[in-house]
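**Student:** Single-letter residue listing:
Number of protein chains: 2
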Amino acid sequence: MQLPQSVQTQFVSVHDVATIIHKIGLKTVFKRLADYIRADYLRWQDFEKCARVANHSKDGVIELMPISDAKSYAFKYVNGHPKNTHAGLPCVMAFGVLADVATGVPEFLSELTLSTALRTAAMSAVAAQELARRDSRSMALIGNGAQSEFQALAFHHLLGIEEIRLFDSDSKATEKLIANLRSTNLRLKVCSSIAQAVRGADIVTTVTADKTNAAILTADMIEPGMHINGVGGDCPGKTELHPDVLRRSAVFVEYEPQTRIEGDLQHLPADFAVTELWQVLARQALGRRDADQITLFDSVGFALQDYSALRFMRDAARELGLGQPVSLIPELVNPKDLFMLIHPETQAADESRRLPDFSAILASV
Amino acid sequence: MQLPQSVQTQFVSVHDVATIIHKIGLKTVFKRLADYIRADYLRWQDFEKCARVANHSKDGVIELMPISDAKSYAFKYVNGHPKNTHAGLPCVMAFGVLADVATGVPEFLSELTLSTALRTAAMSAVAAQELARRDSRSMALIGNGAQSEFQALAFHHLLGIEEIRLFDSDSKATEKLIANLRSTNLRLKVCSSIAQAVRGADIVTTVTADKTNAAILTADMIEPGMHINGVGGDCPGKTELHPDVLRRSAVFVEYEPQTRIEGDLQHLPADFAVTELWQVLARQALGRRDADQITLFDSVGFALQDYSALRFMRDAARELGLGQPVSLIPELVNPKDLFMLIHPETQAADESRRLPDFSAILASV
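Protein chains in written order, with the working numbering: chain S, 9 to 373; chain U, 9 to 373.
Note that these hints are calculated values from the structure, not bench results.
Any given hint could turn out to be false.
All copies of an identical chain are treated as equivalent in the list; a pair is satisfied when it fits inside any one copy or across any two copies.
Straight-line Cα separation of at most 25 Å, DMTMM-like style, residue types lysine to aspartate or glutamate; simulated pairs [claimed, not checked]: (1) Lys-66 with Glu-56; (2) Lys-66 with Glu-115; (3) Lys-91 with Glu-339; (4) Lys-66 with Glu-183; (5) Lys-66 with Asp-48; (6) Lys-91 with Asp-77.
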């Protein structure tokens, strides 16, 4: 008789991801995540890609983000509910799975709320390494919510940003950020307006959460040589940048079909020229042309970053012996015999299942 | 300070689903599942629907099946890998989630391998209750693999089928089915060909797994008054019925846009007339017209059945006190403060997290 195949799924929790960060350090996590993202973007043609599948409701959206190459399939479940904070819940919550393409077995299940914050910041930094001026040292950070500290530290560790100029319409959010980052080497400057935060900054990062068509950044604020890292405009009807900001910039995107629907790009004509970031990484397209050019990364979050993040979390958890097996999928002695799982005689023979009271099923079968 | 919101996800394993079946009996499970499916199909217009998102590979497919109404969002992950049995793995494995549309919280995570077999059989029975002749007592069952016992018993319990005429190209599969169902009241007849199995049957159920364009059922086998329950043709390039079988039948489908891509319908012109089953259930369209009509349910498996199955498993597990909480989503004291999860001082203050060695992160932040 054939032995049952092990189809256990390795589960990595929020606690495990926090432990990974504590064990190897946030700087190393960002560096390795950026390496995984870069490596996967350089294999762009290997992936079966699609825009994410979104179910919209009055107050938010729930999305599925699948992607696959010949070896692995990844998907992420993620929501976006800006009003959640009023109920004590995060605006963005996520989890995801890495599966074996050859068999369909979901091998790895991970929290992705914390991981999404990490990979979003790492992705922003990967783009900025190509697009921002090399001598960038200051960054305006508009929106000081859940994602903000991760952006600040990714740019600190991966680009050498030393000064962060903070603005949020909710001053408590800014206070929280300052408390969280007070033990770092970053110089944190609280600004009283977006314009003040942006003035003189080398990089401008926008990470606001409102599901509205806002124009928090207008063309008059933008200075030659700036790099704009637009993170918060990531959903139809949820934008941050005035269209003129895009018109003044060289615009780079993750995956054009998705960004046209979801990004700040949604307000511009379908033929507005953009460059996909993988082309820059693969040296098939130019990144920053010169020190005066305004560059813009219109980031919406693409499934490939989650594929990278899942790969990294799986590998890091394995290295550190973290995670635990969960039984998402049944183990079958005979794979054509699913009924075995509920068959009273099989159950009776299998003490390990400890199933009580077979009379009910015997009577009913 | 605000108390952390509980965002734990209730997890129901394969073992829990087997226990549900043992506790309340398979007959009751089928009856209740059929009731849930019928209730949800009668609310057809309430749902945001889409064809499932499939990533195809050489040997199989991995699919995501989302659906939502104003209250709940459901999705299923499911694969289809016909060659998996050679590796000791099921061809079809699945799990899924029920989430709160208002907040995006994934409230319920369940195995769906066993549940998919249950809901597929329940769905077939719901359709046959509308489409098969009321005096149906015998069913041909072509394909005796993982799904077959569930089909046999759903039709036994919900339609009064007394005789099952079995055929599978793998005689071991048929032996397995007979062993599994020997303690039931069903009369099981082994047939030496598909034609022999089909001859004189009131209902013909096809549940084969090969990912090929097969024509295991041809028009010459079909007799007046038969109901055909086509379950195995559910993927582009994976069909079971000769197109002439469909041409001779009144064809009913779950969700037309998906069935045109995936069902046996894929070989027929786009204007070939079909009826969506919800219309029959809602009495907006006729089911079986008379005792001689040939009816055909071209089933591919639609997300709404999984929504129903997830609702049922959640409710049944709750009633029986089954399942366990898992931490897919972090609990945050301040929902704008995700960084708290990895902040060394917060960690130090929170003994319950038991995180070791803060020096690494302190040094690196």
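**Student:** Now tell me, hint by hint, if it's right for this structure.
**Tutor:** Checked hints:
Taking the shortest Cα distances, Lys-66 and Glu-56 sit within 25 Å of each other only across copies (13 Å), while inside one copy they are farther apart (31 Å). For a Cα distance limit of 25 Å, the shortest separation of Lys-66 from Glu-115 across copies, 19 Å, qualifies, whereas the shortest one inside one copy, 35 Å, does not. For a Cα distance limit of 25 Å, the shortest separation of Lys-91 from Glu-339 across copies, 16 Å, qualifies, whereas the shortest one inside one copy, 42 Å, does not. When the C-alpha separation of Lys-66 and Glu-183 is checked against a cutoff of 25 Å, the pair qualifies neither within a copy, at 30 Å, nor between copies, at 53 Å.
Proximity of Lys-66 and Asp-48 under a CA criterion of 25 Å is satisfied inter-copy only: 21 Å between copies versus 35 Å inside one chain copy. In this assembly of identical chains, the alpha carbons of Lys-91 and Asp-77 lie at most 25 Å apart only when taken from different copies (19 Å versus 36 Å within one copy).
Figure legend: structure checked against the earlier numbered hints; the only hint not met is number 4.
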